[in-house]
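So the sequence lines, in the order shown, correspond to chains D, L, S, Y, A and X.
Its first residue numbered 1, the first sequence is counted upward by one per residue in the UniProt record's numbering.
Its first residue numbered 1, the second sequence is counted upward by one per residue in the UniProt record's numbering.
Its first residue numbered 1, the third sequence is counted upward by one per residue in the UniProt record's numbering.
Its first residue numbered 1, the fourth sequence is counted upward by one per residue in the UniProt record's numbering.
Its first residue numbered 1, the fifth sequence is counted upward by one per residue in the UniProt record's numbering.
Its first residue numbered 1, the sixth sequence is counted upward by one per residue in the UniProt record's numbering.
Worth flagging that the hints you see were computed from the coordinates, not collected in a lab.
Be a bit skeptical, because a hint or two may be false.
One side only, chain X facing chain A, incomplete, derived with CB under 7 Å [to be verified]:
| no. | residue |
| --- | --- |
| 1 | His32 |
| 2 | Ala36 |
| 3 | Thr55 |
| 4 | Asp128 |
Just so you know, even glycine gets a beta-carbon here, dropped at the ideal spot from N, CA and C.
6 protein chains.
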Amino acid sequence: MVQIKDLMNQDITLRPDGRAVDELRPVTITRHWTKAPEGSVLIECGDTRVLCTATFTQGVPRWRRDSGEGWVTAEYAMLPRATSERTDRESVKGKIGGRTHEISRLIGRCLRGVVDMRALGENQIQIDCDVLQADGGTRTASITGAYVALADAVAWAKAHGVIKQNKKVLKDCVSAVSVGVINGKPMLDLPYIEDSQAMTDMNVAMTGSGDFIEIQGTAEHRPFSRDELNTLLDLATVGNRQLQALQAQALAQ
Amino acid sequence: MVQIKDLMNQDITLRPDGRAVDELRPVTITRHWTKAPEGSVLIECGDTRVLCTATFTQGVPRWRRDSGEGWVTAEYAMLPRATSERTDRESVKGKIGGRTHEISRLIGRCLRGVVDMRALGENQIQIDCDVLQADGGTRTASITGAYVALADAVAWAKAHGVIKQNKKVLKDCVSAVSVGVINGKPMLDLPYIEDSQAMTDMNVAMTGSGDFIEIQGTAEHRPFSRDELNTLLDLATVGNRQLQALQAQALAQ
Amino acid sequence: MVQIKDLMNQDITLRPDGRAVDELRPVTITRHWTKAPEGSVLIECGDTRVLCTATFTQGVPRWRRDSGEGWVTAEYAMLPRATSERTDRESVKGKIGGRTHEISRLIGRCLRGVVDMRALGENQIQIDCDVLQADGGTRTASITGAYVALADAVAWAKAHGVIKQNKKVLKDCVSAVSVGVINGKPMLDLPYIEDSQAMTDMNVAMTGSGDFIEIQGTAEHRPFSRDELNTLLDLATVGNRQLQALQAQALAQ
Amino acid sequence: MVQIKDLMNQDITLRPDGRAVDELRPVTITRHWTKAPEGSVLIECGDTRVLCTATFTQGVPRWRRDSGEGWVTAEYAMLPRATSERTDRESVKGKIGGRTHEISRLIGRCLRGVVDMRALGENQIQIDCDVLQADGGTRTASITGAYVALADAVAWAKAHGVIKQNKKVLKDCVSAVSVGVINGKPMLDLPYIEDSQAMTDMNVAMTGSGDFIEIQGTAEHRPFSRDELNTLLDLATVGNRQLQALQAQALAQ
Amino acid sequence: MVQIKDLMNQDITLRPDGRAVDELRPVTITRHWTKAPEGSVLIECGDTRVLCTATFTQGVPRWRRDSGEGWVTAEYAMLPRATSERTDRESVKGKIGGRTHEISRLIGRCLRGVVDMRALGENQIQIDCDVLQADGGTRTASITGAYVALADAVAWAKAHGVIKQNKKVLKDCVSAVSVGVINGKPMLDLPYIEDSQAMTDMNVAMTGSGDFIEIQGTAEHRPFSRDELNTLLDLATVGNRQLQALQAQALAQ
Amino acid sequence: MVQIKDLMNQDITLRPDGRAVDELRPVTITRHWTKAPEGSVLIECGDTRVLCTATFTQGVPRWRRDSGEGWVTAEYAMLPRATSERTDRESVKGKIGGRTHEISRLIGRCLRGVVDMRALGENQIQIDCDVLQADGGTRTASITGAYVALADAVAWAKAHGVIKQNKKVLKDCVSAVSVGVINGKPMLDLPYIEDSQAMTDMNVAMTGSGDFIEIQGTAEHRPFSRDELNTLLDLATVGNRQLQALQAQALAQ
């Protein structure tokens, strides 16, 4: 960790909430938060609060039948007043916005990246990530929480004899965290106040083995250099390691 | 209360959760459950759990302008996995179902029934009731919780000088409860397991003064007599009085 | 009837159209108004004019298959210029409004309340209520007219050998009427001019045996007391009895 | 008329309803069929029955403002059970079908073809044609009936001082009729049973002066020759002249 | 041709692009413009440029199954910036406009008019006409180009053994052209600048044998007489003969 | 370049089209491909063919008014038969799919990343990228082509005096290219046949100065290591430099 801090010429007083640049917000993972779903996890990252549920269904969509393989899909949504200004419901507008689509697809890809579809067999797991309160990093919190719900749903299927105990459905764990450049300084885990003024914003999903499942870096406000990219990836690695430790702790309980 | 019990020839062991026929499920009302909304209340009635938020906005919709009066509107929705089977999202289907519309309109009418629109002035309050977990009575829990969120939003507006302190915006409180006839016996506050086998199902919204704001009684399975109606209304009166006491307690904290 | 009038301290000159408070508008029920449907009824209640058709189809929706039971469903709509101001078509807007949904569901429930689904067998009856001219009470006129169309469709099915003659598909008849409190006075069968100024508005669907199928009472403007409720139910009973006599007359022709 | 009959080598017994090939079905035009619209006409052509209403509104759509000219638009729809098989509502399907769009546009063009938009001034007339019962020729009956409703709406506007009495808003009348080739024989005014087996199907809208506003001829089943076209246009001329006489009669009452 | 010119009292300098009144714009037909479709044709008529593709699929829609007959359907669309003002995408608006529907249906009917559905067998051909650049006559160019794509798709099916070589799927060729009356003068093949000021506008689809598949004549601005109609049809015959020669040339390459 | 080849242990015969792993497909950029748009570019990358248009409009959307800043937005779409299997039109389905939304947003962000919104002033540029033929890399070809169309639209605005000549609206150029890992080997510019079997797929948008605007790396099939990421970024840098040279050449003509 020492190198990262040096590299960034860190100014500890910089962040509104007093965190160091490579420090996560407090994270809480609560399993079985609701009763009905096969996996149900409330994840809180600072003030961001997402309910992640996993629905296990036997059978797969038509296009996947007779393949011997399963499928994992995800939907992301926000309650209208998760945000400081009320957002109109997409159900009322009659269409799903681009941002929602983009994030739903991201979450789905990240989870599929750690699932052995053959071991899952012809079963489907539907992930729902509903943001109850939003303060930045909702998509990365969704991925991190959804992995735990996914693990619970797989365990449920094994406990109920739908999947054999010896199948290794989950090839690895996955978590995600946001990083960004604020006033020229790379930082880990941006709350809304920082995110909205970031020059560059990156979401990084990593496996427990330290490889990448998804990197999405955007620079609407100022392009970022290869050096900045490297620092951001270092920060993301730090954050994801901690998140994966918390996932493991939650699942061990 | 004595008369009611006599009238119903009550069999205390009848209900799956051991409640008496005129007994509410445990109710918890938590204010300020999320930070952003002007009013934010988590109401739990047994396993039914609804997040009710109230959004206060200055100004009214176009058709209401220059009337000197405000407006209160409501939207109801369920998370996909609030129920034992996953429900498809209405945003994904691209249209709002009839049941959602019906309940949203019911909640809106009940709250408008206790608001003095002239005292509210040209301001709008939008109520969002999102069911996080469903076990029967979601629409009545929504009304009961939404009233508390509404009261908080009105208080917020007064504290911020948007409405004068001396304006009496809320003419009365309002709560709602479900009653129904199960195997010929009228009962108070039906969880899902009872609701699904009810011959008659009625939702009753009442003011603190004991008058009715809305009565919706349905008998798809067996018509109900005037006598049954009277017993159901007695039960609803019992339930609403208790709910209003809990509302008052919550608002007093 | 005497008691009701006493109770209401009736002022005969009160109503714009000169009716007594417990008097229905003139009602006409015309069967076979169009040729194609298995049941086709034009009902006129004062200036309100609704075309109610019943479409009989063998087979049921997928979720009902192999249950041995039938299904009855209803859709309500208004022609754009049924009203004094033109209403935009819901087909053009691309979505069905809440009011339409609410009324369609109400009509469906009321008719299902008198149908023995097992006697109907795996057949479906679709009710369409299209308001050609609206002057208050369109949803109650729809229910009253739709019952006659439903009876014709059942008779058609028996005449065509789809349902055995000895099956008692209709357990009872059903009609509906609106009642309301205007300037503090309960009244029967509100035309638009009264409906729009009602403090309380209630729609009551009753069977021939005098029991209730549906009660929907709303008090956006002023809550109503238990006493008022009782008077309104008395008025509704008077009205529904007359409507059911007219249904029987029409069906006897 | 003599020439036409010769030209067609007419076989009087050919048509299911016993009509001659150049004979219209019985036509009834009833004005003021509903009370609310500025023009409201029920037109019956055989068993085809269309309610045509005209809504007069001061002001024009945004793109037409400050042009000094008015606008006329039309919407066509069918009740679900106007046809022998029930048609799903377009409002329920959430989109308007191609056939509906095509016919709505046709009606609008035909009526605009006889309106002097400058004389109309910045006012809009919306035509609604709702088919209550369909037996072929619904689009042509709509045009013929809508013209009468349009004339009534213009008269209403003059009577209410919205348009000056001396303005000649209607340049001419317009009516429409279908013609087609059945088993090689051109015929006038096709009911559904003929229409569905027509090789060629043509709708012809003409002014009182005998000119064409719209010709739509389609030959999915067998192309038609210039000679056949000429015979069809002769038949359409015969039919439209009679329809225009009936329009004039109706408007004279 | 001599008669036509006389009849029209032609003024050669009349047209903005210097053409004679009975002269087509330059037409180019390029086959195999894209690689994937079974038929892919870029047709250019002056500055109008339409990509017409034909997709051959084995099997037919459900309603056509076990009929032994095939089906041909068409969809028309415009790129947003095919026009001088950008047009909003219909996918973004969420609904297809009336004009698009009308033209899609026209193209489908015209092509079906020359296809022997029995010879096609239970196969479907989907035509897509996408306007890349619009300068009037996009619907007629679509029909003319789509016929060539259709012929290529049929040839593909024969070459791949899906249809027997000896089946005569195409009964005839079909092309279409626009004609119109401008300042009182009938003219052939209107570019946008002429089309927008036409009193009468007609689209005429004809077979190689000189018969009509579809005639659509519209006169929003001034009705047209039988004589004008005849002249317009003469012009359309001239134009379609030339277009059919170009289709044959293209297919011969 | 030497290092990259060494690093990848390159096998020149690996790729179906005979390219080296760090070799782009042939690229053609044609400006002014259609006449109407302010910028209109056809870009061809191998068989991928995208029409990119830029529409310049004075004024900005409401939320941007009085900010003194402009806006750039983008929409991506595919013709139905750009692909080997026909894709249903999103306009017909009535909603935009997630993939379309995701790519449209990506293109918009990349272009905004090089635009000085203050120099653009309160003007809007709408980018439309319509894929005429798809063979992998459609989103990156869209970005590369759209930049040229954007530059033309800015030049048009300067030529027409809407933007002052001395304003530097474009801060830099931007291009994008896909890279991926196939059978363990990183490669540049994947056609469909490679893309569909890629373990990892990354799209990289870079400025002329060599910084990143957007990185999107996805590993549904196998996570990628930091070393692989670095090689992929090296390849993307090689590709983007060449694309930017081609953009400059095209704009110089």
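Hints, verified against the model:
no., hint, result
1, His32, "12 Å, violated"
2, Ala36, "5 Å, holds"
3, Thr55, "4 Å, holds"
4, Asp128, "5 Å, holds"
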